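Q: Each chain, written out:
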Amino acid sequence: MRRFVFFLPLVCFLILGGVFYSQLGKDNQYVPSALVGKKVPNFTLISLENDQMVTQKDLPHGPYLMNFWGTWCPACHIEHPFLVELALKGVPIIGIDYKDQKHLAEQWLIEKGNPYQQVLMDEMGLFGLDMGVTGAPETFVINSSGVIVHRHQGVVNEQNWPELKGYLK
Amino acid sequence: MLPEIGQFSLILALFFALSLAIMPLVGYWKGHQLLLETARPLTFIMSALVLMSFVILAVSFLTNDFSVLYVSQNSSIKLPIWYKFSAVWGGHEGSLLFWVLILVGWCSAVALKIRSLPMDIGPIVLAVLGSICVGFLSFLLFTSSPFVRLLPDTPPDGGDLNPLLQDFGLIVHPPILYMGYVGFAVAFAFAVTALITGNLNAAWARWARPWTACSWAFLTLGITLGSWWAYYELGWGGWWFWDPVENASLLPWLSGTALLHSLAVTEKRGVFKSWTVLLAIFTFSLSLLGAFLVRSGVLTSVHSFAADPTRGVFILGLLVVFVGGSLFLYAIRASQVRSSVTFGATGREAWLLLNNILLTVLTLTVLLGTLYPLIFDALRLGKISVGAPYFNSVFTPIALLLIVFMAVGPLSKWHKTSLNSLLKACVIAAILAMLIAGGLVYRFEFGWLAWVCLSVASWVLLLSLADWFSKVTAGSKGMIPRARQLPRNYYGMLLAHIGVAVTLIGIILVSINSHDSMLRLSPGDKVSMAGYEFRFDRMEQIQGSNYVSNKGQFTAYQSGRAVAVLYPEKRFFTTRQQVMTEAALDAGFTRDLYISLGEQLDESAWGVRIYVKSFVRWIWLGGLMMMAGGLLAALDKRYRQRTGG
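Going line by line, the protein sequences match chains A and H. According to the UniProt record's numbering, the stretch in the first sequence is residues 1 to 169, in order. According to the UniProt record's numbering, the stretch in the second sequence is residues 1 to 645, in order.
So that you can see chain A by itself, here it is in the shape it has in the complex:
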């Protein structure tokens, strides 16, 4: 019995090692969302700018990006300047302020610039749940017929933008 106790750390470590092994490379492949190929689910959200109700009918008709962000998310601080750059190039982006507070989001946009055509508040994260969002930032590419064609987890930057751009049509 006493001998066995000393093997415990080794056993715990091996189990953990197994978990790591099973996880390797997973996040890179980005398990494609079940929503890819489907329309944006129904929603009713409040617009940040004017407190109006917005539903999926009010979304743009052309292809656009839907970006989930929040002021609480460190990676979003890094992503933001690139989104501003994209907006300057004329890429339409809809922002979903995910699990955040309105006044913080407003300050953020004033300070850092607003790359979004429209910012919708998803304070409870319910719309995020419908979209299968696991964290912020996360960006969906939606084509001209309103169908989700690609999902990107993590920061959009110069390196991965060409891939997203490929879907944007």
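Just so you know, not all the hints are guaranteed correct.
[Unchecked claim] Taking beta-carbon pairs under 8 Å as the criterion, some of the chain H residues facing chain A (in silico): (1) Ser67; (2) Phe139; (3) Phe142; (4) Trp240; (5) Asp243; (6) Ala331; (7) Ala334; (8) Ser335; (9) Ile375; (10) Met518; (11) Leu519; (12) Ala584; (13) Gly598; (14) Glu599.
[Claimed, not checked] Distance windows between CB atoms, simulated: (15) H:Leu400 to A:Ser22: 31 to 41 Å; (16) H:Val55 to A:Gln159: 57 to 67 Å; (17) A:Lys39 to H:Ile11: 36 to 46 Å; (18) H:Gln543 to A:Gln56: 42 to 52 Å.
[Said to hold, decoys possible] A few chain A residues that don't get close to chain H, going by computed Cβ distances all over 12 Å: (19) Leu16; (20) Gly37; (21) Val54; (22) Pro74; (23) Leu109.
The hints are simulated quantities; they were obtained by calculation from the structure and are not laboratory data. All values derive from a computational prediction rather than experimental measurement. Every residue, glycine too, gets a C-beta built ideally from N, C-alpha and C.
Knowing the structure of chain A, use the given hints to seat chain H on it.
A: Leaving out everything else, chain H in the frame of chain A:
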């Protein structure tokens, strides 16, 4: 030509590391003195070779050799020269080379000090370190060589260093952090040597102590710098985010703190022997785990390097070899150790045991929070993330409890302490601390949580100072000679404990007594906040080297007197078409003033965000004190005496 020499000297270094890992061990088993003695020169040659290849990489950066893939990815002609140098460790390959450089640096330091160890121990320690070098050198050579060439299509200019890394904080932060991470390899090597040779006595703890204290001090400084960097660079006043990579540095720090204390008990009293060995293994494993998490891409984070599953598999392999191997050795050897020493329930051993339990629990909670998303996913329960709320609510109470007991440990004596005298001191200190904190809370109208935290902080300060006072007044020699006689070790501990209290005060005050507001201001406007009056003096257009800037001037007044002038800027970088907000900061001992410019709202009005943050500097001041305490303890005279051999 030069990069090839760099690559070649890395390959040579790998061979020397291999010999270092094997020859002394063979010498130990065969009883061959000559083989044991090869350890020292092998270490020096290996280190020199790694240093050479590091210098070559640096030269490639400084001479803009864009035919080297790594240089072309992380530098450009326009990059200022100091960033060119720091870009050497700006990406995965270079930072790994840097990691190896620091590892061989520690090896050489051990080799230099080898004469203070018994003849058959020192070489084995170096051999264990050598095997770690083998692991990391082959990782470097087989998956991520920094010397890969881009020939014949050499680009005329590089892709530039990530702008986020073009910052002073990030020049100094990684080296210091690595010094700490890698330094725990030395404690690990001592522990494994003790397992190999079967000498699990107090001696190894004595040898490992200064090395552990030293790397702990570096890690403390590294974490402090990282937190300071996040505060001023990410620019919304936060100083800790429970990001996986931050946790990766906090984990070895927590278990390293436990190790530091447990080593003391093992050295002085010969108890906790097998536990201390386990902690040494655990601490180094957590350092390796940090490297794994950051470089394999299993967890996403701000700081992640380019994720690459092959690299992940390789580091996982290293983890299995080192951690699995040492734990296996532990399972076989440690079970044979019997501890015959006992100790009383109020002795210092008991307090340090409590310290170890609490620190281990803290380490495990942070570990669990960091790995939870991985485990959850592995069990196919879906993807989730554990945010700051989990860490704050679990970490805070345990940490506070730990800090409460932290102050009691030094008061008690080894083996057994009279409960009465201990209780008396504690009760008096507790009442005083609660009164002081109560006074502060009443005066400044803070809440109950602040009262608890401030009580704990003043309790630590009171008991630490009281302990020092009782030590210097005991005896007849007079205070100053007595104070000078106390060992550096003791002052190190005192300083580090006070540092914890200082950090705690900083954390509480900044979280409950910070003011910020977003205002619409035009030049000439005045606004009052937290006892300061801010005047927006003027706004001017400035032409920088590669940007145009709107620069504001604000003057802060306190009771009618100007105390600071701040110049926040909004820069527009013309080439990258990027807007950067340069916040202005006036740092002070009791408060920071912090102004950042928002958007221009109309002809003259601007959105302006002003923060007044109380005592935020104390968080890092405490960190610096802890670091100084660790270094002081590492430099204690006792460790410089030779022991045997």
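Q: Using Cβ atoms only, decide whether Glu599 (chain H) comes closer than 8 Å to chain A, and label the hint accordingly.
A: 5 Å, holds
Q: Holds or violated: Ser335 (chain H) as interface residue toward chain A, Cβ cutoff 8 Å?
A: With a closest approach of 4 Å, the Ser335 (chain H) hint holds.
Q: Is the nearest CB of chain H more than 12 Å from the CB of Leu109 (chain A)?
A: Answer for Leu109 (chain A): violated, closest chain H Cβ roughly 8 Å.
Q: Should the hint that Gln543 (chain H) and Gln56 (chain A) are 42 to 52 Å apart at their CB atoms be regarded as holding?
A: Given about 47 Å between the Cβ atoms, the range holds.
Q: Does the closest beta carbon of chain A sit nearer than 8 Å to the beta carbon of Met518 (chain H)?
A: The hint holds - Met518 (chain H) has a Cβ within 8 Å of chain A, the shortest such distance being about 5 Å.
Q: For the hint on Ala584 (chain H), does the least C-beta distance to chain A fall short of 8 Å?
A: At 14 Å from the nearest chain A Cβ, Ala584 (chain H) fails the 8 Å test, so the hint is violated.
Q: Return the status of the interface hint for Asp243 (chain H): holds when the least beta-carbon distance to chain A is below 8 Å, violated otherwise.
A: 6 Å, holds
Q: Does the hinted range 31 to 41 Å hold for Leu400 (chain H) and Ser22 (chain A) at CB?
A: 37 Å, holds
Q: Would the hint on Trp240 (chain H) be counted as holding, given a Cβ-Cβ threshold of 8 Å to chain A?
A: Check failed: Cβ of Trp240 (chain H) comes no nearer than 11 Å to chain A, outside 8 Å.
Q: Would the hint on Ile375 (chain H) be counted as holding, given a Cβ-Cβ threshold of 8 Å to chain A?
A: Holds: closest Cβ of chain A sits about 6 Å from Ile375 (chain H), inside 8 Å.
Q: With chain A as the partner, please determine if Leu519 (chain H) meets the hint condition of a C-beta pair closer than 8 Å.
A: 11 Å, violated
Q: Is the Cβ of Val54 (chain A) more than 12 Å away from each Cβ in chain H?
A: Holds: least Cβ distance 23 Å, greater than 12 Å.
The structure fails hints 1, 2, 3, 4, 11, 12, 16, 17, 19, 22 and 23 (numbered hints given earlier, in ascending order).
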